[in-house]
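Colleague: Next come the chains, spelled out residue by residue.
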Amino acid sequence: MRRMLLLTVSLMVSAAGFAAENFPRPEFTQGEVLPPTTTPPPRAEIFSLVDVAVLGLMLALAAYFSLRQRSRANLVLLALLGLVYFGFYRHGCVCAIGAIQNVGYALGGNGYALPLVVGLFFALPLLFALFFGRVFCAGVCPLGAAQEVVLLKRVKVPTWLDSTLSMLPFIYGGVAVLYAVTGSAFLICRYDPFIPFFRLGGTDLMLGIGVGVLLLSVFVGRPYCRYLCPLSALLRLAAPLSKWRPQITQHECINCHLCADSCPYGAIRPPTPSGEKYNRRAARRSLGWQLLLIPLFIGIGGGLLRLSSPMLARVDYRVRLAETLWLQEQGGASQTTTAPPPMLEAYDNRELPYALAYQRAIAIQKWFDTGAWALGGWIGLLFGLKLVGLMLRRRRETYSIDPGACVACGRCYSVCPLERSEGDAGEPPVVARTA
Amino acid sequence: MADKVIHPDEKRVITRRQFLGHCLRGAGVLAVGGLTGGLLHAGAERGDMVWQIDPSRCIGCDKCSKSCVINPSAVKCIHEQALCGYCNLCFGYFADQRTADTPGAENERCPTGAIGRSFVEDPYYQYVIDEPKCIGCGLCVKGCKTFGNSSLILQVRHDRCLNCNECAIAAVCPADAFVRVPAKTPYLLRVKNT
Numbered sequence: 001m002r003r004m005l006l007l008t009v010s011l012m013v014s015a016a017g018f019a020a021e022n023f024p025r026p027e028f029t030q031g032e033v034l035p036p037t038t039t040p041p042p043r044a045e046i047f048s049l050v051d052v053a054v055l056g057l058m059l060a061l062a063a064y065f066s067l068r069q070r071s072r073a074n075l076v077l078l079a080l081l082g083l084v085y086f087g088f089y090r091h092g093c094v095c096a097i098g099a100i101q102n103v104g105y106a107l108g109g110n111g112y113a114l115p116l117v118v119g120l121f122f123a124l125p126l127l128f129a130l131f132f133g134r135v136f137c138a139g140v141c142p143l144g145a146a147q148e149v150v151l152l153k154r155v156k157v158p159t160w161l162d163s164t165l166s167m168l169p170f171i172y173g174g175v176a177v178l179y180a181v182t183g184s185a186f187l188i189c190r191y192d193p194f195i196p197f198f199r200l201g202g203t204d205l206m207l208g209i210g211v212g213v214l215l216l217s218v219f220v221g222r223p224y225c226r227y228l229c230p231l232s233a234l235l236r237l238a239a240p241l242s243k244w245r246p247q248i249t250q251h252e253c254i255n256c257h258l259c260a261d262s263c264p265y266g267a268i269r270p271p272t273p274s275g276e277k278y279n280r281r282a283a284r285r286s287l288g289w290q291l292l293l294i295p296l297f298i299g300i301g302g303g304l305l306r307l308s309s310p311m312l313a314r315v316d317y318r319v320r321l322a323e324t325l326w327l328q329e330q331g332g333a334s335q336t337t338t339a340p341p342p343m344l345e346a347y348d349n350r351e352l353p354y355a356l357a358y359q360r361a362i363a364i365q366k367w368f369d370t371g372a373w374a375l376g377g378w379i380g381l382l383f384g385l386k387l388v389g390l391m392l393r394r395r396r397e398t399y400s401i402d403p404g405a406c407v408a409c410g411r412c413y414s415v416c417p418l419e420r421s422e423g424d425a426g427e428p429p430v431v432a433r434t435a
Numbered sequence: 001m002a003d004k005v006i007h008p009d010e011k012r013v014i015t016r017r018q019f020l021g022h023c024l025r026g027a028g029v030l031a032v033g034g035l036t037g038g039l040l041h042a043g044a045e046r047g048d049m050v051w052q053i054d055p056s057r058c059i060g061c062d063k064c065s066k067s068c069v070i071n072p073s074a075v076k077c078i079h080e081q082a083l084c085g086y087c088n089l090c091f092g093y094f095a096d097q098r099t100a101d102t103p104g105a106e107n108e109r110c111p112t113g114a115i116g117r118s119f120v121e122d123p124y125y126q127y128v129i130d131e132p133k134c135i136g137c138g139l140c141v142k143g144c145k146t147f148g149n150s151s152l153i154l155q156v157r158h159d160r161c162l163n164c165n166e167c168a169i170a171a172v173c174p175a176d177a178f179v180r181v182p183a184k185t186p187y188l189l190r191v192k193n194t
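Residue numbers (my numbering), protein chains in the order written: chain A, 1 to 435; chain B, 1 to 194.
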């Protein structure tokens, strides 16, 4: 299937034509000097390696500030540096969030070779998360920094809503990867809310999304990170495996819940009520049922999205083009035009047989048929696992950080009364103990 | 930090949870490293990729001047002089509706007057693009392609291009003309530049 797609594309390339040389170059009596055709080179490759070096250095610093030094001030400074460098200086490209799509695009074939820099931008934040938690979010990501600094009037998101919305990054990530693998579109880049600010311009839609998200993040802590960012989905999976992770305090927690109040991201879980009685047997049976239901969810999700795969595929302009050509050939072009007319002009201009466009569209549609199954199954799996997760009970004696949700912002370090008394040779103050 | 006395033997004890954690982390490192490494290995010799317009596909539709994230667009017209026919009546230069075959805004195709015309020898004229004036609308490209040698082409200028991950023009290009090319050969000219 992929081979057919490649063949089709290569055929289209070879069939492309220029205007014939209608007017041969004249022979001048006096030697005519050609003015040079200027071709300024792109940014030298060495600079993209500088980007990687900056990324690595900042990740290391973020890990040091959040885990060793436990300094929120330094983390914020580092994040602002990231905002300036990766955001305003590098205009938001290359970015670790978007790199997910490049990996998908390269996986799908598409004649695309993953550049070294993009590969490292994908891998480094994840590898760091596997050892130090989400330090990328804390001190490197320009989108995170932008939301972090505008959070002024905090509104607590109810736990049920937060928990439901935090499934969105997994779904959005799945959709984005599907469109990247098929080579249709890079949705994460297209709807990146902060890109118009970094570039000081953009389409009305992008600006609208940007202003909306920025306004929202004045009241809700990091809405993009928590409820949309596909990289946060991957980091959420990686961070709980981390070897070292942020800890509210090294002392014995006195359960004063100041840390939980300080966390704008709902990442601090309260202690579980003790002495709660429940029927273990019934709970176990119920859990068994939930586990059995997962394949059913996968099947339902996959089946449903498979039904809508023609609709999903129409986002791809190559599919829309084939549709338009088909309608045109049937003589009904005036009835429906789903692709803008220049597409037709482009096709006629190159004198390509329409069959090529049909073949290509069919190949893409096949990709989408399989992809829609996988995406639907993925969403079903998420729902199934979510339900199982709701069933599971974890005992927590004290307030503790959920490493998947924690973006290592460092707020809780400074509000913990046990941490404030750092000078007193590690002995917690009496006030805090009796409180 | 509380100094907890740890028995020398206690350090070596590894709980089941810790062991599982180590295994999962190892698996994670292998997965991320393997995926990225494999993909990088497959395209090892290619290096960075940049956007470029395949001039054989370009239809000069004027999307380039409007859709680029920077203004004026990173796309500009390039004149491949070696292909030029030095026509007296250049269709890249003169508009279809003109009052006379002489320079002047009312007779020129270029909306910004970015094409300079100079006499070489009878009956040949040379055309040079004034790049700062060019907005990449492609009107001259279309004219030259329809009637002439196609020596005027649109190209992404890499001193201007931000190399966005998803090129905003590529997303709307009706002719499928935007392609990623290796950064080592960033232009798609028909004649090797000297």
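It should be emphasised that the hints constitute simulated quantities derived from the structure, not laboratory data.
We treat Cβ as the ideally placed atom computed from N, Cα and C, and that holds for glycine.
Careful, some of the hints might be misleading.
[Claimed, not checked] Listed next, with one range per pair, are the computed distances between beta-carbon atoms:
(1) 84/A <-> 146/B: 45 to 53 Å
(2) 113/B <-> 219/A: 45 to 53 Å
(3) 18/B <-> 163/A: 21 to 29 Å
(4) 184/B <-> 396/A: 49 to 57 Å
(5) 99/B <-> 84/A: 36 to 44 Å
(6) 287/A <-> 19/B: 19 to 27 Å
(7) 44/B <-> 161/A: 42 to 50 Å
(8) 121/B <-> 203/A: 46 to 54 Å
(9) 17/B <-> 161/A: 41 to 49 Å
[Stated by the list, open to error] Covered stretches of chain A (in silico footprint by chain B; criterion: 3 or more residues with CB under 8 Å from a CB of chain B, positions within the stretch not fixed):
(10) 119-128
(11) 161-168
(12) 194-207
(13) 255-267
(14) 303-312
Colleague: Determine for every hint whether it applies to the structure shown.
Modeller: Here is what the structure says about each hint:
Evaluation of the 45 to 53 Å hint for residue 84/A and residue 146/B yields a pass: the beta carbon distance comes to about 47 Å. The hinted window of 45 to 53 Å between residue 113/B and residue 219/A holds, with their beta carbons roughly 51 Å apart. Distance hint check: the CB atoms of residue 18/B and residue 163/A are about 28 Å apart, consistent with the given range 21 to 29 Å. In this structure the hint that residue 184/B and residue 396/A lie 49 to 57 Å apart at CB holds, the actual value being about 56 Å.
Taking 36 to 44 Å as the suggested C-beta distance range, the pair residue 99/B and residue 84/A does not conform, at roughly 54 Å. Distance hint check: the CB atoms of residue 287/A and residue 19/B are about 24 Å apart, consistent with the given range 19 to 27 Å. For the hinted restraint 42 to 50 Å between residue 44/B and residue 161/A, the CB-CB distance of approximately 46 Å keeps it satisfied. A hinted range of 46 to 54 Å holds for the C-beta pair residue 121/B and residue 203/A, which are about 48 Å apart.
Separated by about 31 Å at the C-beta atoms, residue 17/B and residue 161/A break the suggested range of 41 to 49 Å. For the stretch 119-128 of chain A, the assignment as covered by chain B holds, since 6 residues bring a beta-carbon within under 8 Å of that chain's beta-carbons and 3 suffice. Counting residues of the stretch 161-168 of chain A whose CB falls under 8 Å from any CB of chain B gives 0; the rule of at least 3 is not met. Judged by the Cβ-Cβ criterion of 8 Å, the stretch 194-207 of chain A is covered by chain B as claimed, because 5 of its residues qualify and three suffice.
Under a criterion of three residues with beta carbons nearer than 8 Å to beta carbons of chain B, the stated coverage of the stretch 255-267 of chain A fails, only 0 such residues being counted. Proximity of the stretch 303-312 of chain A to chain B, defined as three or more residues with a beta carbon under 8 Å from a beta carbon of that chain, is not established by the 0 residues found.
Checked against the numbered hints given earlier, this structure breaks hints 5, 9, 11, 13 and 14; the rest are met.
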